[in-house]
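K.L.:
Protein chains in written order, with full-length UniProt numbering: chain A, 1 to 222; chain B, 1 to 277; chain C, 1 to 213.
Keep in mind the hints are simulated off the structure, nothing from the lab.
We put the beta carbon where it would ideally sit given N, CA and C, even for glycine.
Please note that a few of the clues may not be correct.
Simulated crosslink set (DMTMM-like; lysine to aspartate or glutamate; CA at most 25 Å straight-line) [unchecked claim]:
1) B:135 <-> A:88
2) C:14 <-> B:113
3) A:141 <-> A:88
4) A:58 <-> C:205
5) A:118 <-> A:183
6) B:164 <-> A:62
7) C:14 <-> B:209
8) A:49 <-> A:107
9) A:118 <-> C:205
10) B:76 <-> C:80
11) B:147 <-> A:62
12) B:116 <-> A:88
13) B:116 <-> A:62
14) B:39 <-> C:205
15) C:14 <-> A:62
16) B:147 <-> B:209
17) B:62 <-> C:114
FRET-style restraints, in silico, Cβ to Cβ [as the list claims (entries may be wrong)]:
18) C:18 <-> A:216: 21 to 31 Å
19) C:106 <-> A:114: 19 to 29 Å
20) C:180 <-> A:59: 10 to 20 Å
21) B:277 <-> C:180: 44 to 54 Å
22) C:134 <-> A:33: 38 to 48 Å
23) B:213 <-> A:85: 44 to 54 Å
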Amino acid sequence: MNYTLDFTPVIEGMPALLMACLGTFGLALGGMALAIVIGVGGVILRDSKIAPVRWLVKAFVELIRNTPFLVQIFFIYFALPLAGVRLDPTPTAIIALGINGGAYAIEIIRGGVQSIGKGQIEAGLALGLHKAQVFRLIVLKPALRAIFPSLTSQFVLLTLTTSVASAISAYELTSVAQRIESDSFRSFEVYGTITLFYLVISWVMMRFFAAISTRYFSYPVK
Amino acid sequence: MSIFKPTRRSLLVTGAVSLAMPAVLTRAAFATTPDEIKKRGKVIVGIQGDNPPFGFVNTSGKQEGLDAAMGELFAKELGVQVEFTPLAVANRIPALTAGRVDVLFATMAMLPERAKAVQYSKPYAANYITLVAAKSTVVKTNADMGKLVIGVPRSSTQDTQITKNAPEGTTIRRYDDDAATLQALLSGQVQAVGANMFYVQRLNAQKPDTFEDKLEFQRLYNGACTRLGEKEINATLNSFIDKIKANGELAKAYATWMKVPLPEFPASVEGVPFVVS
Amino acid sequence: MGANEFLFLLTGLKWTVLLSIVGFIGGGVFGLAIALARTSGRPLLERITAGYIALFQGTPLLMQLFVVYYGLALVGLKLDAWVAVAIGFTLHASAYLGEIWRGSIEAVPKGQTEAAKALSLHYVWRMKDVILPQAIRISLPATIGFLVQLIKGTSLAAIVGFTELTRAGNIVSNQIFQPLLVFGIVGALYFLLCWPLSLYGSHLERRMAIATR
């Protein structure tokens, strides 16, 4: 038989696919927000005076960074209900993305914090600033500037990872594409198109972070 | 980004080539005939890996089930080795049309919309599609499905049936395969699932006496699938299926895996031709 | 969980390891070619490889696998599922490794290239004997980091129906319905595979940080 490319199902499904892009953005932004919270919280706890807390954070980072995201999301979705925690696919996906991204964020942010010289912190304390103020003004902001490129690529990766959430039937681009594919059996056409969509999405994300970077992190600092 | 400057002629040539390309390239590559299979010495069978008792991989990694038995019998008929390619539910038709497998013995229920994409053989198995839920869940009519969250394997027959019969706005969750769908019900992520005739048995093996069939949607017949337009292999499959129906080998495989007697098969199914026209 | 089920998981693990090795070696070979093309100083080559890298780094691995899995067959290549998946991972890995190694080739001080040129070393020898040995050393932590990433990425082959560790876990979990236990074990197996590599990678990184201090 002959196989001729036929994009009709893709074109007919275009409104649904474009809507689904919003789902993908939603998962990505939710995951990033949670990742930042976990990242900052983790860095603070990692320097805790209580040793078991430090170990816990380290173990969390190693565990998450050395197991696949698919296994993590399956675990949260299929196994945790047995322990009484049952969440819908979308919250599950956001939490899984946040935890996964958070583990990487902890390491990235820690690297940034370490790049701040001890002397600067001491100087800040000597000037009578609170510990919290020192952290926010002297540690966090310059550290964020230093780590912004790594954080950006980690978050673009997180955005692309949202496609895996289709495995637990979350609403996002890949699952909608699979639906169109299963109605039309035009797998190559559908997935080829979606691949381009993702290329645009990751480009948009990169522009978005670049804009933040120029807006908040460009010299001179106020 | 001017990697190359298109001229009108180069565009025309490129256009013509890319239009003709799929046709030219795929014709030679796709045509699978019984002779070619014999020459190669093995037949590549697309099958399900996680849907007992139709097609599943047992814990020692061997492909088993009614579909596997069919594949083995078909290979014996051709005098070749059999090689199984386990496929996710949603991958079955793409794997066939893309030329990854020669034939599907993959619980392919005969549906008119699928018959536009693949060529069915005569039926060799029967199945029915139901809604399965816990006994305590009250479902009497199709309308009752509206208040449930229902899981189905993506692009399976269950998916088609639930989507068609459930009221508008029912939450349907689609998973990659039977395994994930069953797990979703067992772990309480969904309250009901679109099921084939064996789901209840499999589910109750995990949680005894918990689940039951609630609604029956459709009686279905499974056929082997080949690519559209491939006359010879379709004819070979049909005479093979006739033969094993006549000599009792199908009934034997049926008794082993399905634990029920061989059903009556219809002479035709609306919208699903068994023979290449 | 019986011994049979555990053995089935180990069979899955075997495929995970094989897929990772093939992807890493294949990706390494092509990745090196890409890194060299990317630093060749020829605008056309550099642009094409930059596009290649952007394409693979800007799209989900899952989509890459889908497109390769179905696309290769459409252009007339009939391949085993496992070969198709391996090709997908090779392409994916070559883009990432190409970018990592481009960075490390560029991180080798310019003076090295100039000195080699002054000695009128041919491009091949200049790369093979002078630049690459240093670049490889520089890139080692990032390369190992990517290997870990690749091993974890092979889990996505489960979604195209390839029975590696994650899919084996799904199947077993379905047969014995103890998802906590099964996914716990699957996770632990991945961890045992990846963690030593991660530790080695950060050890190298620390050592190099000290060396360059």
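K.L.:
None of the hints should be skipped; say for each whether it holds.
P.N.:
Consistency of the hints with the structure:
1. B:135 <-> A:88: holds (23 Å)
2. C:14 <-> B:113: violated (39 Å)
3. A:141 <-> A:88: violated (35 Å)
4. A:58 <-> C:205: Distance of about 18 Å is within 25 Å: holds.
5. A:118 <-> A:183: violated (61 Å)
6. B:164 <-> A:62: Distance of about 46 Å is beyond 25 Å: violated.
7. C:14 <-> B:209: Status violated; Cα separation ~37 Å.
8. A:49 <-> A:107: Within the cut-off at roughly 19 Å; holds.
9. A:118 <-> C:205: holds (22 Å)
10. B:76 <-> C:80: holds (22 Å)
11. B:147 <-> A:62: violated (42 Å)
12. B:116 <-> A:88: violated (36 Å)
13. B:116 <-> A:62: Violated, at roughly 50 Å.
14. B:39 <-> C:205: This hinted pair is violated, its Cα atoms lying about 55 Å apart.
15. C:14 <-> A:62: OK: residue 14 of chain C and residue 62 of chain A at ~23 Å, within 25 Å.
16. B:147 <-> B:209: At roughly 24 Å apart (the allowed maximum being 25 Å), residue 209 of chain B and residue 147 of chain B satisfy the hint.
17. B:62 <-> C:114: violated (60 Å)
18. C:18 <-> A:216: 21 to 31 Å: violated (46 Å)
19. C:106 <-> A:114: 19 to 29 Å: For residue 114 of chain A against residue 106 of chain C, whose Cβ atoms are near 25 Å apart, the range 19 to 29 Å holds.
20. C:180 <-> A:59: 10 to 20 Å: At roughly 18 Å between Cβ atoms, residue 59 of chain A and residue 180 of chain C fall inside 10 to 20 Å, so the hint holds.
21. B:277 <-> C:180: 44 to 54 Å: The hint (44 to 54 Å, Cβ to Cβ) holds, given that residue 277 of chain B and residue 180 of chain C are roughly 53 Å apart.
22. C:134 <-> A:33: 38 to 48 Å: Since residue 134 of chain C and residue 33 of chain A have Cβ atoms about 41 Å apart, the given range 38 to 48 Å holds.
23. B:213 <-> A:85: 44 to 54 Å: violated (30 Å)
Of the hints listed earlier, those the structure fails to meet are numbers 2, 3, 5, 6, 7, 11, 12, 13, 14, 17, 18, 23, in rising order.
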